[in-house]
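Listed below are the residues making up each chain.
2 protein chains.
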Amino acid sequence: MFAEIITIGDEILIGQIVDTNSAHISKELNKIGVQVYQITSIQDDKEHILQALEDAKNRVDLVLVTGGLGPTRDDITKQCFIEFFDDDYVENEQVLQHIKELFLKYFNKEPLPSNLLQAQVPSKATILFNSYGTAPGMWMEKDDTVFVAMPGVPYEMKYLLKDSVLPKIIKNFNRPHIYHKTLLTYGMGESDIAHRISDWEENLPQHIKLSYLPALGRVRLRLSSKGADEQKLRNEVDGQMEIVHKMLSDIAVGFEGETSITQKIGELLIQQNKTLSLVESFTGGALAQEITRYAGASAFYRGGIIPYATELKISILGVSDELIKKHSVVSLPVAESMAERGSKIFQSDYSIATTGIAGPTKGDGDDEIGTVCIAIAAPNGVISEKFLFGKVRERVIQKSVSKAFEMLLKEISKN
Amino acid sequence: MFAEIITIGDEILIGQIVDTNSAHISKELNKIGVQVYQITSIQDDKEHILQALEDAKNRVDLVLVTGGLGPTRDDITKQCFIEFFDDDYVENEQVLQHIKELFLKYFNKEPLPSNLLQAQVPSKATILFNSYGTAPGMWMEKDDTVFVAMPGVPYEMKYLLKDSVLPKIIKNFNRPHIYHKTLLTYGMGESDIAHRISDWEENLPQHIKLSYLPALGRVRLRLSSKGADEQKLRNEVDGQMEIVHKMLSDIAVGFEGETSITQKIGELLIQQNKTLSLVESFTGGALAQEITRYAGASAFYRGGIIPYATELKISILGVSDELIKKHSVVSLPVAESMAERGSKIFQSDYSIATTGIAGPTKGDGDDEIGTVCIAIAAPNGVISEKFLFGKVRERVIQKSVSKAFEMLLKEISKN
Numbered sequence: 018m019f020a021e022i023i024t025i026g027d028e029i030l031i032g033q034i035v036d037t038n039s040a041h042i043s044k045e046l047n048k049i050g051v052q053v054y055q056i057t058s059i060q061d062d063k064e065h066i067l068q069a070l071e072d073a074k075n076r077v078d079l080v081l082v083t084g085g086l087g088p089t090r091d092d093i094t095k096q097c098f099i100e101f102f103d104d105d106y107v108e109n110e111q112v113l114q115h116i117k118e119l120f121l122k123y124f125n126k127e128p129l130p131s132n133l134l135q136a137q138v139p140s141k142a143t144i145l146f147n148s149y150g151t152a153p154g155m156w157m158e159k160d161d162t163v164f165v166a167m168p169g170v171p172y173e174m175k176y177l178l179k180d181s182v183l184p185k186i187i188k189n190f191n192r193p194h195i196y197h198k199t200l201l202t203y204g205m206g207e208s209d210i211a212h213r214i215s216d217w218e219e220n221l222p223q224h225i226k227l228s229y230l231p232a233l234g235r236v237r238l239r240l241s242s243k244g245a246d247e248q249k250l251r252n253e254v255d256g257q258m259e260i261v262h263k264m265l266s267d268i269a270v271g272f273e274g275e276t277s278i279t280q281k282i283g284e285l286l287i288q289q290n291k292t293l294s295l296v297e298s299f300t301g302g303a304l305a306q307e308i309t310r311y312a313g314a315s316a317f318y319r320g321g322i323i324p325y326a327t328e329l330k331i332s333i334l335g336v337s338d339e340l341i342k343k344h345s346v347v348s349l350p351v352a353e354s355m356a357e358r359g360s361k362i363f364q365s366d367y368s369i370a371t372t373g374i375a376g377p378t379k380g381d382g383d384d385e386i387g388t389v390c391i392a393i394a395a396p397n398g399v400i401s402e403k404f405l406f407g408k409v410r411e412r413v414i415q416k417s418v419s420k421a422f423e424m425l426l427k428e429i430s431k432n
Numbered sequence: 018m019f020a021e022i023i024t025i026g027d028e029i030l031i032g033q034i035v036d037t038n039s040a041h042i043s044k045e046l047n048k049i050g051v052q053v054y055q056i057t058s059i060q061d062d063k064e065h066i067l068q069a070l071e072d073a074k075n076r077v078d079l080v081l082v083t084g085g086l087g088p089t090r091d092d093i094t095k096q097c098f099i100e101f102f103d104d105d106y107v108e109n110e111q112v113l114q115h116i117k118e119l120f121l122k123y124f125n126k127e128p129l130p131s132n133l134l135q136a137q138v139p140s141k142a143t144i145l146f147n148s149y150g151t152a153p154g155m156w157m158e159k160d161d162t163v164f165v166a167m168p169g170v171p172y173e174m175k176y177l178l179k180d181s182v183l184p185k186i187i188k189n190f191n192r193p194h195i196y197h198k199t200l201l202t203y204g205m206g207e208s209d210i211a212h213r214i215s216d217w218e219e220n221l222p223q224h225i226k227l228s229y230l231p232a233l234g235r236v237r238l239r240l241s242s243k244g245a246d247e248q249k250l251r252n253e254v255d256g257q258m259e260i261v262h263k264m265l266s267d268i269a270v271g272f273e274g275e276t277s278i279t280q281k282i283g284e285l286l287i288q289q290n291k292t293l294s295l296v297e298s299f300t301g302g303a304l305a306q307e308i309t310r311y312a313g314a315s316a317f318y319r320g321g322i323i324p325y326a327t328e329l330k331i332s333i334l335g336v337s338d339e340l341i342k343k344h345s346v347v348s349l350p351v352a353e354s355m356a357e358r359g360s361k362i363f364q365s366d367y368s369i370a371t372t373g374i375a376g377p378t379k380g381d382g383d384d385e386i387g388t389v390c391i392a393i394a395a396p397n398g399v400i401s402e403k404f405l406f407g408k409v410r411e412r413v414i415q416k417s418v419s420k421a422f423e424m425l426l427k428e429i430s431k432n
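Chain order of the listed sequences is A and B.
Numbering-wise, our numbering comes out as the position in the first sequence, counting from 1, plus 17.
Numbering-wise, our numbering comes out as the position in the second sequence, counting from 1, plus 17.
Bound conformation, chain A alone (with noise of 0.2 Å):
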């Protein structure tokens, strides 16, 4: 079983939109064991939109749309469902109540004209309810192949997915098991890591397929495997993963999904009865941001401080001045001083500091752009390294959080 999802809308081909709703949809569809063939974004355009749903309706099963159905003039999808399928426009009734209460609940007006054509909908649809919004989805099926139009904002689009789409995929197809493991590697290369794990490689069954997925500081090794009996899949391949963890031991951080490097420290300072703050200067909330991604954080995140100009690390935190003076504001003794300061003023147990030159200009001192000194005070005393991460501002801060992880990873792992 095979599905296409298409997405539309002039801002993702003009690139002002990155489009999130397609990976989202990819992934819930592997968790229910629906393969995405292919994902195809196109324009508001009634030609284009007709012709890719022709074409999907010959590569695939289900095809699911996403935007296109809002309720002003640039939205066409709708009105290409009614002339793909043939069909004609009827009044939904619980559509148009929903309407009028979503109005009323949370603007206190009557809906305009445009927003009750959105209870408008193609004849021959199953209507698919949308709590969070007015653009209700619609099933429909041509050929053997169905057709599902969503709304393109995303939170709409998710709750729709999961309340309504995914249950009558479930109900609707045969689906056999999709399973994917990834593991988290952490400072090697990955023409290193397909060279340390090649024997092992090489004798793969061929059902399972393996994949390098390289980023900044990190690979992310999946294996990939599809079949009928979802246990045999499962042991399978957690069993390939089991030999490969173990001749990455030295640089693997845990599995996707079931963990990410912050969860993971996030669980071992629950589990030691720790507490963590940040100092960030250069990295300006790039870390606190990946801390409190997660709910719970709260159990161990003390807080953090964002000491932006070079005083503010002498005034709020407490560094020395001389010691600024002698060294530089972005030198070890330093990011130790503001990691150590950050443990005392927020009583937390570890505390990351980061120093830096993002770029693209100089900053106070004479160090190079891209230096970056990171420390971590932790209870037995505090540790810190200087690193070069280039000219790109973006990547300076991506490198230096993935290594401020890594190095407090490693120290509280020592427990």
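Any given hint might turn out to be false.
Same chains, same label: a pair holds when it works inside one copy or across any pair of copies.
Unchecked claim - In silico DSS-like cross-links for lysine-lysine, where the CA-CA straight-line distance does not exceed 30 Å:
(1) K179 x K416
(2) K185 x K427
(3) K44 x K416
(4) K159 x K74
(5) K188 x K379
(6) K117 x K416
(7) K361 x K342
(8) K117 x K179
(9) K63 x K343
(10) K159 x K343
(11) K179 x K420
What the hints contain is simulated information worked out from the structure, not anything from laboratory work.
Dock chain B against the given chain A, drawing on the hints supplied.
Chain B alone, transformed into the frame defined by chain A:
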């Protein structure tokens, strides 16, 4: 002239990564007058890649392919190009030297045989030098369609595109001009906006297209047009934009690209010689990240504090214990006190403070999940507002970030 982007990689089709490459490429192509007709994402599968190349050849003049050029076995794009163009491998001496130099410089070692294989390229290809990685780009032609292969690692792709691919496209193709201009608005829904500007929209010239891009708490309005005479194009679109900008002056904050709300805040603060600090509780660094995303923030951004644990609001910030007990930690008086303390500690003219319950579980107080208080301390006093932003952690944080900057901009704009 039309282009298609083909992104190759199982990781895209299973939703393990979000494809950001195609948005970047689309945006850059638009700037040089190349319209992207379709974006197609497919798996690392030979038959499918060959089919997609063939389909694209029949649709467009230019096909940009990313992904599958790495040194590991799952990378098969180059092999598919050899087959599609009925070609053979030759060794490229310049690429070979570059690979050796990269390994010596960054890893201080010899490349592995798998890395050296990256110097084997299709004989008919024009090689596009990749300064930032080992996989070169390739430019090939078949039946009047140009095919370009680039690595999938985003920063390698970006530099290759900028340094080699775009200049070669400019040289080889006759292109019209494409012009987009996007007005940023805050605080009104898309159907209300459409209602207000409907007369103007109805009378827009046929060749200028209006699109609505709704997101959390804001709507972007884009005008797009294409033509041979760039100046005429700009004059027309800018003229129409001026009209609609006036009609929406109460909710418009500027134009995309030219500015974002945080950039506008930065510009005004620099103009007025004022400074900003951030006191973020549940937003945990999200505001700081937005502010420090742009180089130059150090000219007005003093820094921030993230008192995640309630007691830190007292111990570090100096908010009074009684105030929190009396009003709850998520309350207007506490938010105001946080902002005022932030201004004081960071010696900043303005300070934003956030306190709230992002969920999914309740916090230290009795407040409903989604309750948010935002305060702005300004030179002429402190203002604050309370919101209810729903039950979805991610949305509560995102909406709060939007609202906080909206409130701050209003305050700054009073001067």
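- Query: Should K185 paired with K427 be assigned to within, between, both, or neither, using CA atoms and 30 Å as the limit?
  - Reply: neither (46 Å within a copy, 47 Å between copies)
- Message: My question is about K159 and K74: at a cut-off of 30 Å on alpha-carbon distance, are they close within one copy, between copies, both, or neither?
- Response: both (8 Å within a copy, 28 Å between copies)
- Task: Evaluate K63 and K343 at a C-alpha cut-off of 30 Å and name the case that applies: within, between, both or neither.
- Result: Result: close neither inside a copy nor across copies, 67 Å intra and 60 Å inter.
- Item | Within, between, both or neither, where K159 and K343 count as close if Cα-Cα is 30 Å or less | neither (75 Å within a copy, 63 Å between copies)
- Message: Cα distance capped at 30 Å. Does K188 pair with K379 within a copy, between copies, both, or neither?
- Response: neither (60 Å within a copy, 36 Å between copies)
- Evaluate K179 and K420 at a C-alpha cut-off of 30 Å and name the case that applies: within, between, both or neither. The answer is between: 28 Å across copies meets 30 Å, while 36 Å in one copy does not.
- Message: Regarding K117 and K179, is the shortest C-alpha distance of 30 Å or less found within a copy, between copies, in both, or in neither?
- Response: within (24 Å within a copy, 50 Å between copies)
- Query: Between K44 and K416, at a C-alpha cutoff of 30 Å, which is it: within one copy, between copies, both, or neither?
  - Reply: both (26 Å within a copy, 25 Å between copies)
- How would you label the pair K179, K416 (within, between, both, or neither) given a Cα cut-off of 30 Å? between (34 Å within a copy, 22 Å between copies)
- Could you figure out if K117 and K416 sit no more than 30 Å apart (CA to CA) within one copy, between two copies, both or neither? between (49 Å within a copy, 24 Å between copies)
- Task: Can you give me the call for K361 and K342, within, between, both or neither, at a CA distance of at most 30 Å?
- Result: Both, since 23 Å and 26 Å are each at most 30 Å.
Checked against the numbered hints listed earlier, the structure breaks hints 2, 5, 9, 10; every other hint is satisfied.
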